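Participant: The chain contents come next:
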Amino acid sequence: MTSNATPEGVRARVRELLAAHDPAALEPLDFLRARFDAGLAWVHFPEGLGGLGAPRALQAVVDAELAAAGAPDNDPRRIGIGLGMAAPTILRYGTEEQKHRFLRPLWTGEEVWCQLFSEPGAGSDLAGLRTRAVREDGGGDGGGDWIVDGQKVWTSSAHNARWAILIARTDPDVPKHQGITYFVCDMTDPGVEVRPLRQITGEAEFNEVFLTGVRIPDAHRLGAVGEGWRVAQTTLMNERVAIGGSALPREGGMIAPVAAAWRERPGLRTPELHDRLLTLWVEAEVARLGAERVRQQLAVGAPGPEGSGLKLAFARLNQQISGLEVELLGEEGLRYGDWTMVRPQTVDFYGRDAGYRYLRAKGNSIEGGTSEVLRNIVAERVLGLPAEPRIDKDVAWKDLPR
Amino acid sequence: MSASTQPGTGPDSGMQPGGTQPGGGTGPGQERGSGSGAQPDLLYTDIEEDLRSTVRDVLADRCPPASLSARVEAAAEGAADGGPADGRSAEPSARASARPYDPALWRVLGADLGLAGLLVPEKLGGQGASAREAAVVLEELGAGVAPTPFLGSAVLATSALLACDTADAGVAALLGSLASGAATGALAVPLAAAPGSAFPGAVRADAAGRLTGTVTSVADALAADVLVVPAVGPDGPGLYEVAAGDAAVTPFVSLDLTRPLADVAFDGAAARPLPSADAAAALDAALLAGAGLLASEQLGLAQWCLDETVRYLGERHQFGRVVGGFQAIKHRLADLWLEVVSLRAAARSAADALATGTDAAIAVRVAQAYASGVAVHAAEEAVQLHGGIGMTWEHPLHLYLKRAKADQIAVGTAGRHRAALAPLLDLPAA
Ligand SMILES: Cc1cc2nc3c(=O)[nH]c(=O)nc-3n(C[C@H](O)[C@H](O)[C@H](O)COP(=O)(O)OP(=O)(O)OC[C@H]3O[C@@H](n4cnc5c(N)ncnc54)[C@H](O)[C@@H]3O)c2cc1C
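The listed protein sequences correspond, in order, to chains A and B.
Take 1 as the starting number for the first sequence in my numbering and just add one per residue.
Take 403 as the starting number for the second sequence in my numbering and just add one per residue.
Just so you know, not all the hints are guaranteed correct.
[To be verified] What follows is a set of in silico ranges between Cβ atoms, one per label pair, in the way DEER data are often shown:
#: 1; chain 1: A; residue 1: A396; chain 2: B; residue 2: A462; range: 47 to 57 angstroms
#: 2; chain 1: B; residue 1: Q720; chain 2: A; residue 2: G202; range: 43 to 53 angstroms
#: 3; chain 1: B; residue 1: R718; chain 2: A; residue 2: G301; range: 54 to 64 angstroms
#: 4; chain 1: A; residue 1: I366; chain 2: B; residue 2: R718; range: 49 to 59 angstroms
#: 5; chain 1: B; residue 1: G611; chain 2: A; residue 2: A68; range: 57 to 67 angstroms
#: 6; chain 1: A; residue 1: R11; chain 2: B; residue 2: A462; range: 45 to 55 angstroms
#: 7; chain 1: B; residue 1: D514; chain 2: A; residue 2: P305; range: 28 to 38 angstroms
#: 8; chain 1: B; residue 1: R718; chain 2: A; residue 2: R11; range: 35 to 45 angstroms
#: 9; chain 1: A; residue 1: A64; chain 2: B; residue 2: D567; range: 40 to 50 angstroms
I should point out that these hints are in silico values taken from the structure, not numbers from a laboratory.
Note that this is a predicted model, so its numbers are computed, not measured.
The C-beta atom is built at its ideal place from N, Cα and C for all residues, glycine as well.
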């Protein structure tokens, strides 16, 4: 082990970075590039790719040191899909060339990513997707670019994105999981059309994406042809299970605004709401401790299955807490900030009012896998109960009923 | 927000624990409670895991569900015959008949393995361990609904004594004999007593130190040689040591068959005062420790109910399928699993807070406000999902349901713990 693998080692790296690049004097982007090059973006990534090959737990040390030094951040909420889903998948399945091309601007936020997975007919049953990618006749190795046609939906950030991770069907004659291939799609291709899809909150955070004759070079394929489902598992696992390196403080989540309203506005209080508030406060604290326990397990290199449950817990709690908040506010809860359609850069739970929080939290049990699907996963993978019956398992995709 | 709190904070920000922070203006909530700066250690150490497997082995050996059922059966018949527990006397033979307690099992766990003295410092004859280890023991005892007086003696009575003046020879001697397992103790308060309640006035001490009065629903009194009794004397609240033989210990038919309760009456009983700077604070410390550690017992119980139900439904066939493969069942078990893993984090946090002395007031109440609901839910789901067999006396599940339901009332209900949190969190009532 090198000294990079110790807290003192990474602290020394941070000091070196700060000595050579004064965050107060530099443009934020220049500092972020320097941070990436110093291996302090994702310490557990390999050297040369934003990391040091160090234990993941040391990221928290780096983050704390840099925050204390007033260093700029890369706005993780704006680039969440890139950080959370694209990056781990590229790291695992990308070629050296792809890794070097994509990871740095992804991390610095110069290039936003989106995820072209869901389709109108394929959400929970994602492997049923029908977007087609057909290989053009080409040069010596028997193939040229891929031509993609189809429609994706519910695509967050597509209107800001430079790149997309995309799964498409490349072989309809085999069962559905086997005929899928994973690509990096250029969102500036003329065949890509992004249309806003307005949602329950009034804003258009996500989109419908129409793909018409989109041309993707074979060099932008991730993983082997027909192996796209397996590659997508890496993406989905990261989407659902992962948890950040930093610890959340007590009362640090959705419970904060409702607790603050309770303290600041005694006129709203009733005995019945009091007990419900305390019940949810306790549940929020327990969920926080659950997440903290997962974080501690990861830090000692012994991840438990508990991570699979976190999304379920937070989705339910966010909905209950934000629901209580609207109720607590009484008449004020009857007002809504603004229904004008906007296309936000980020999801901002706390910059908006309680009604917005209530409505947006409804998505927490749908996005990234519904709570029902997550319960199936927990029951099967954690508790070892039998899998759902699969009538479509050995049937060629083209022969499935639809 | 740190720059690298990836992954998983994409469009889902706000649902992930690390995802989104409130904007400005929520400052007052950020560091509420004394211990929120440093995170508690929520994992198990290797030593704790070793301790767990030792206790588990002993229980598997000496207290399998079948023998437990037989023991409980005999105890239930005995109680139906009526009469106080064999006309209490201090003789060991009388204790041996205080069913369903298993004196042989308690001798192995308490004395031979030293669990009776886990919380007692080495210089006072104990193991010098902490609430973290005691919590692991309680997880296993809960998983086996084991009929031992660990909670009453090694936790409640011992914690009260540890909060007294341990430099006093009498206090030290009593602690030493409880720690070695030579004697078993009980804290003479109703099992329902919550930390933070007023000092009980049911027992009075006269100027000569003799006690008179009755305490109802005392846990583990039936197995005790010595009672630690809160009583109000001429100089105010005090704790007293009374030989169990000098009190009338009357069992009643208890909902919880494996932790039967008894009423304890004193009629001018000879008592020795246990010096302490603040008897009310000592009693409160004991109840806080009891409440915090009970969460671990509830955790062990809930985990057993979940595991056993998953096992059973993984084998049981109906409609030509394994019942555990039906989605309605899978989803209920997944939800229960999530509750149990959440309780594990909460119970560990309470145990760690009691061990470090940091943040215990909040951490214990959070754990206890959450734990009883999970334990009862786990036991009720287990009964329901076992179908008819779950309703039988033959299957040990009923012992778990009875313990879970009784634990819901023990050392303060969830509602009382929530109410006690309110001022600590600056969330005042209406
Ligand atoms: C806010 C938000 C952001 C999103 N961002 C993106 C994005 O950026 N990119 C992207 O590709 N997708 C995105 N999605 C799409 C998301 O992944 C899907 O909506 C989700 O997977 C569910 O698919 P569906 O909407 O087609 O619902 P369906 O699959 O049609 O489900 C309908 C209902 O049936 C239930 N159901 C389905 N199958 C089962 C089963 N086997 N057992 C029990 N119940 C079942 C579901 O739980 C649900 O309640 C986003 C969605 C939301 C709400």
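Participant: Now tell me if each hint is right for this structure.
Facilitator: The hints, checked one at a time:
1. Separation of A396 (chain A) from A462 (chain B) is about 52 angstroms and conforms to the stated range, judged on CB atoms against 47 to 57 angstroms.
2. Distance hint for Q720 (chain B) and G202 (chain A): a CB-CB separation of about 48 angstroms, consistent with the stated range 43 to 53 angstroms.
3. A hinted range of 54 to 64 angstroms is violated for the C-beta pair R718 (chain B) and G301 (chain A), which are about 37 angstroms apart.
4. Look at I366 (chain A) against R718 (chain B): about 33 angstroms separates their beta carbons, and that is not inside 49 to 59 angstroms.
5. Between G611 (chain B) and A68 (chain A) the beta carbon distance is about 60 angstroms. The supplied range of 57 to 67 angstroms therefore holds.
6. Taken as a hint, the range 45 to 55 angstroms holds for the pair R11 (chain A) and A462 (chain B), whose Cβ atoms sit roughly 48 angstroms apart.
7. In this structure the hint that D514 (chain B) and P305 (chain A) lie 28 to 38 angstroms apart at CB holds, the actual value being about 35 angstroms.
8. Checking the proposed 35 to 45 angstroms range against R718 (chain B) and R11 (chain A) shows it is violated: the Cβ atoms sit about 56 angstroms from each other.
9. A C-beta distance of roughly 43 angstroms is found between A64 (chain A) and D567 (chain B), which places it inside the suggested range of 40 to 50 angstroms.
The structure fails hints 3, 4 and 8 (numbered hints given earlier, in ascending order).
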